[in-house]
Amino acid sequence: MPVTSPAGSSTASVGPSFAADRPLPEGVRDLLFADAAAVRGMAAALRALWGTWSYRELILPTFEYADTLATDVGAQIDAELYRFFDRQGRTLALRPDMTLPTARVVGTRLYDQPMPLRLCYVGSVFRHERPRAGRQHEFIQAGIELIGAPGHAADAEAIALAVASLRALGLPEFRITIGHVGFFHGLSAALALPDRLAGWLRLAVDRRSEAELADLLGQAGTVAATARRALLQLPRLTGPDAVLKEAEELCLNGAMASAVADLQSLSGLLEAYGVAGAVNYDLAEVRDLDYYTGITFEGFAPGLGVSLISGGRYDELIGHFGPEQPAVGWALTLDQVLVARELQGVRQPEPVPDVLLSVTGHPEGLAWASQARARGLRVEVDLAGLKPEDLWRSAQTRGIRRAVWPDGADRLLVREPEGERQAASDAWEEFATWLR
Amino acid sequence: MAPLTIALPKGRLAEAGLACLARAGYALPANGDIGRRLVLDSPDGRLRLVMAKPSDVPVFVEYGAADLGIAGLDVVREAERDLYEPARLPFGHCRLVLAGRQGREERPLRLERSPKVATKFPHLTEAFFRRRGLAPEIIVMSGSVELAPQIGLADLIVDLVQTGTTLRENGLTELHVVLESQAVLVANRASYRLRAVEVREFIDAVVAAG
Chain A
57 MPVTSPAGSS TASVGPSFAA DRPLPEGVRD LLFADAAAVR GMAAALRALW
107 GTWSYRELIL PTFEYADTLA TDVGAQIDAE LYRFFDRQGR TLALRPDMTL
157 PTARVVGTRL YDQPMPLRLC YVGSVFRHER PRAGRQHEFI QAGIELIGAP
207 GHAADAEAIA LAVASLRALG LPEFRITIGH VGFFHGLSAA LALPDRLAGW
257 LRLAVDRRSE AELADLLGQA GTVAATARRA LLQLPRLTGP DAVLKEAEEL
307 CLNGAMASAV ADLQSLSGLL EAYGVAGAVN YDLAEVRDLD YYTGITFEGF
357 APGLGVSLIS GGRYDELIGH FGPEQPAVGW ALTLDQVLVA RELQGVRQPE
407 PVPDVLLSVT GHPEGLAWAS QARARGLRVE VDLAGLKPED LWRSAQTRGI
457 RRAVWPDGAD RLLVREPEGE RQAASDAWEE FATWLR
Chain B
246 MAPLTIALPK GRLAEAGLAC LARAGYALPA NGDIGRRLVL DSPDGRLRLV
296 MAKPSDVPVF VEYGAADLGI AGLDVVREAE RDLYEPARLP FGHCRLVLAG
346 RQGREERPLR LERSPKVATK FPHLTEAFFR RRGLAPEIIV MSGSVELAPQ
396 IGLADLIVDL VQTGTTLREN GLTELHVVLE SQAVLVANRA SYRLRAVEVR
446 EFIDAVVAAG
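So the protein lines, in turn, are chains A and B.
Quick note on our numbering: the first sequence kicks off at 57 and runs consecutively.
Quick note on our numbering: the second sequence kicks off at 246 and runs consecutively.
Certain hints may be false.
To give an idea of the interface, some chain A residues facing chain B are shown, with a C-beta separation under 8 Å as derived from the structure [claimed, not checked]:
1) P228
2) R231
3) L360
Here's a subset of chain B near chain A, in silico, CB distances under 8 Å, partners left out [as the list claims (entries may be wrong)]:
4) Y329
5) E330
6) P331
7) R333
8) N433
9) Y437
10) R438
Honestly, the hints are just simulated from the structure, not real lab data.
Note that the structure is a prediction, hence the values are computed from the model and not measured.
Beta carbons: idealized from backbone N, C-alpha and C, even for Gly.
Let the sequences and hints guide you as you build the complete structure.
Pasting the structure below:
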């Protein structure tokens, strides 16, 4: 196996160091040291937080029968499934999200457990998407599902936990935008457009295109003036909770009014949770309209053009796998959070040992290494038999702050930027300050 | 407060786009700078202008490198990017049309086996034919599409037309309108929410300026 020499001996050929003969499939990638540490660190921070909110983790299978995963999720995800066959020729698929396997587990195994169930997960998901900003085909989702609880209290808990989670991930600035599918459904009903225009209506709202909405009304024939006004205002119903007041005045039927009332109650609870400053509202949110049944939300961070978290209420999914249960949940994409943090100046340092230790001729140094590691110090033992000067040079080029070698039975020689000195090999109080 | 970043298309729409911003009350960089530099800050500090190749505008805006952008609807729809299109702007009008050699229109398109079509707009062209149940063979070109029928490369073309003069000069005639295009304002989905107030102000100012 070819190995790069640690001294970085610069051979003339650069070819083998960036070989083109081992291609990687489109949509997957390796995460190296600092990135891996960042992703694992974020997952650990989330698990610790979720534990304090009484959420329990599920480890879910990476693939299942395609029929299970294609359940009622709309043509979009269905078209993006990675499918393959098992040995009997049955169709399997890689999980496109974690909510579907979670819903299967709840519907088939946990249906008689005391509700609500508070569940969480972290894992890779797989979607064969056309290239989109910042998306790989494999990406890491972390999320929660709150199952068996209808109503604002559950919605508010899910959103407050989303805000707490993004904060726990060390993301300084972000905003979560909350919508409600009932508002658009109610408006569609009030407009009563012919079927041929319904798809266009949704597309035009999704693009926030006032011009297209006007064109559409032009083709729709007679539409009540109040409905016309509500539709043309829809792209503007985004912003702080004041837009709920504006939305209230545009309501044309019970569905719209109850959606706005839901959001107003939710807004009050989010105030109590202390997260009102991190959210705003958008009544024109029409993504995944067939999947969600109540509130929906997406989270954005400055500089990252795409959303990094999304979720909502989906009361109809679990019924496909077992007894019906109301449910609300969300998933965030750790890969996106990593980029968003970097855009805001949060960088994961490269993992570097605290100490480079030579044991050449001093095997007793290995015992010291064990004790130091037990105290959390990151100790790398030199295996190349480097002489003291070379050991220090190697430490410096790699950003390791100290080189150490045993000096007799109970003393160490310590080389630091300030110079070389001796230390008792049991000076653990001092060594504790070496921890980064 | 950081300026809003606006991606503007170089070329056909550049002048009208800049004039539109000026009418909307934004101070523009000195004339000498425009065209020479690719990133310009407006003297009032409210806007940062990025001069981009037209087809790059939707990309800049989708990724959030620009908060908003001006581009032709033809370019925006061809790019199939995840964008908001909050306003149409009253300039840059043109048509994306299907054209063929003069005299050709007597044979209905729907009887073609697999029409050969040259275009710079492969996605829109594919969708246009597929919607009608036809399987086109698309030849993607990057310039002088109207040449293709003359040299036997393709039977048909899909290309932008303003007056139709170029088509006529090349012995071509318009068969169908694929898309009525004009300049549109596009917005990044994150900016639309994170900077909702400023973005809305900008949209309203530009629309009011007409």
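Structure-based check of each hint:
1. P228: Nearest chain B Cβ about 13 Å off; hint violated.
2. R231: 6 Å, holds
3. L360: L360/A check passes; min Cβ-Cβ to chain B is 6 Å, inside 8 Å.
4. Y329: 4 Å, holds
5. E330: 4 Å, holds
6. P331: 5 Å, holds
7. R333: 4 Å, holds
8. N433: Since the shortest Cβ distance to chain A is 5 Å, the answer is holds.
9. Y437: 7 Å, holds
10. R438: Since chain A brings a Cβ to about 5 Å from R438/B, closer than 8 Å, the hint holds.
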